[in-house]
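Numbering (the working numbering), first residue to last: 463 to 607.
Rather than coming from a laboratory, the hints here were simulated on the basis of the structure.
Small disclaimer: the values here were computed from a predicted structure and weren't measured.
Keep in mind that the hints are not guaranteed to be accurate.
What the hints assert, rightly or not - The calculated lysine to any residue pairs, modelled on SDA-like cross-linking and capped at a C-alpha distance of 25 Å, are:
(1) Lys575 / Lys488
(2) Lys575 / Asp555
(3) Lys594 / Gly502
(4) Lys598 / Thr529
(5) Lys598 / Ser505
(6) Lys488 / Thr529
(7) Lys488 / Ala584
(8) Lys575 / Asp483
(9) Lys549 / Val539
(10) Lys594 / Arg574
(11) Lys504 / Pro480
(12) Lys488 / Ser540
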Amino acid sequence: MAAGVSLAGCERTVVVDPAQDAQNPKCADIMLRMPDEIAGEKSRTTSSQGTKAWGDPNIAVVRCGVTPPGPTTDQCVSVSNVDWISKASEEEDTWVFTSYGRTPAVEVLVNRKAESGNNVLAAISPALTAIKPEAKCVGAEDLDS
463 MAAGVSLAGC ERTVVVDPAQ DAQNPKCADI MLRMPDEIAG EKSRTTSSQG
513 TKAWGDPNIA VVRCGVTPPG PTTDQCVSVS NVDWISKASE EEDTWVFTSY
563 GRTPAVEVLV NRKAESGNNV LAAISPALTA IKPEAKCVGA EDLDS
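Hey, can you work out the whole structure from these sequences and the hints?
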């Protein structure tokens, strides 16, 4: 799985590799705004700055400070005015969502057997609104012909 995170572990502290830009002061602002619970699952202690996890076993893990994605043809969804690039992980049970158009970027790993990506993004997206968007996702309907 990306980022060296295990969504299935039952250890007390969730071991999460920090993102490259995890020490960005804006990550601290984002992380302080993260919810204490998602879908009734409480947040857990993580091993690295700029990270957060919920549930035991984990339903979701967040890493702030990942490399912002560039233009892509991957699916993009907008939740609470925050755009997210959506990809299936190499691990079949995990969806990877990366915020688009905001720096620092945030990565969310969702255990899709345990929780809906929509529910997780709905809970997390408000924390990112403190960072003004620099770009937004566009679809074919947004392009001039």
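(message) Next pair to validate is Lys575 with Asp555; report whether the Cα-Cα distance is within 25 Å.
(response) 6 Å, holds
(message) Does Val539 sit within 25 Å of Lys549, going by the straight-line distance between their CA atoms?
(response) 11 Å, holds
(request) Mind checking the alpha carbons of Lys488 and Ala584 for me, to see if they're no more than 25 Å apart? (result) 20 Å, holds
(request) Would you check the hint for Lys504 and Pro480, treating anything up to 25 Å between C-alpha atoms as holding? (result) 21 Å, holds
(request) Given the hint that Lys594 pairs with Gly502, test it: the Cα-Cα distance must not exceed 25 Å. (result) 29 Å, violated
(request) For the pair we were handed, Lys575 and Asp483, check the Cα-Cα distance against 25 Å. (result) With Cα atoms ~29 Å apart, Lys575 and Asp483 exceed 25 Å; violated.
(message) For Lys594 and Arg574, compute the direct alpha-carbon distance and say whether it is at most 25 Å.
(response) The hint is violated at about 29 Å.
(message) For a C-alpha distance cap of 25 Å, please report whether Lys598 and Ser505 respect it.
(response) Violated: Lys598 and Ser505 sit about 29 Å apart, past 25 Å.
(request) Sort out whether Thr529 lies within 25 Å of Lys598, counting only the CA atoms. (result) It holds: about 16 Å lies between the C-alpha atoms, which stays within 25 Å.
(message) Would the hint linking Lys488 and Thr529 be met if the CA-CA limit is 25 Å?
(response) 14 Å, holds
(message) Holds or violated: Lys575 and Lys488, Cα atoms, limit 25 Å.
(response) 31 Å, violated
(request) Please work out if Lys488 and Ser540 have their alpha carbons no farther apart than 25 Å. (result) This hinted pair holds, its Cα atoms lying about 21 Å apart.
Checked against the numbered hints above, the structure breaks hints 1, 3, 5, 8, 10 and satisfies the rest.
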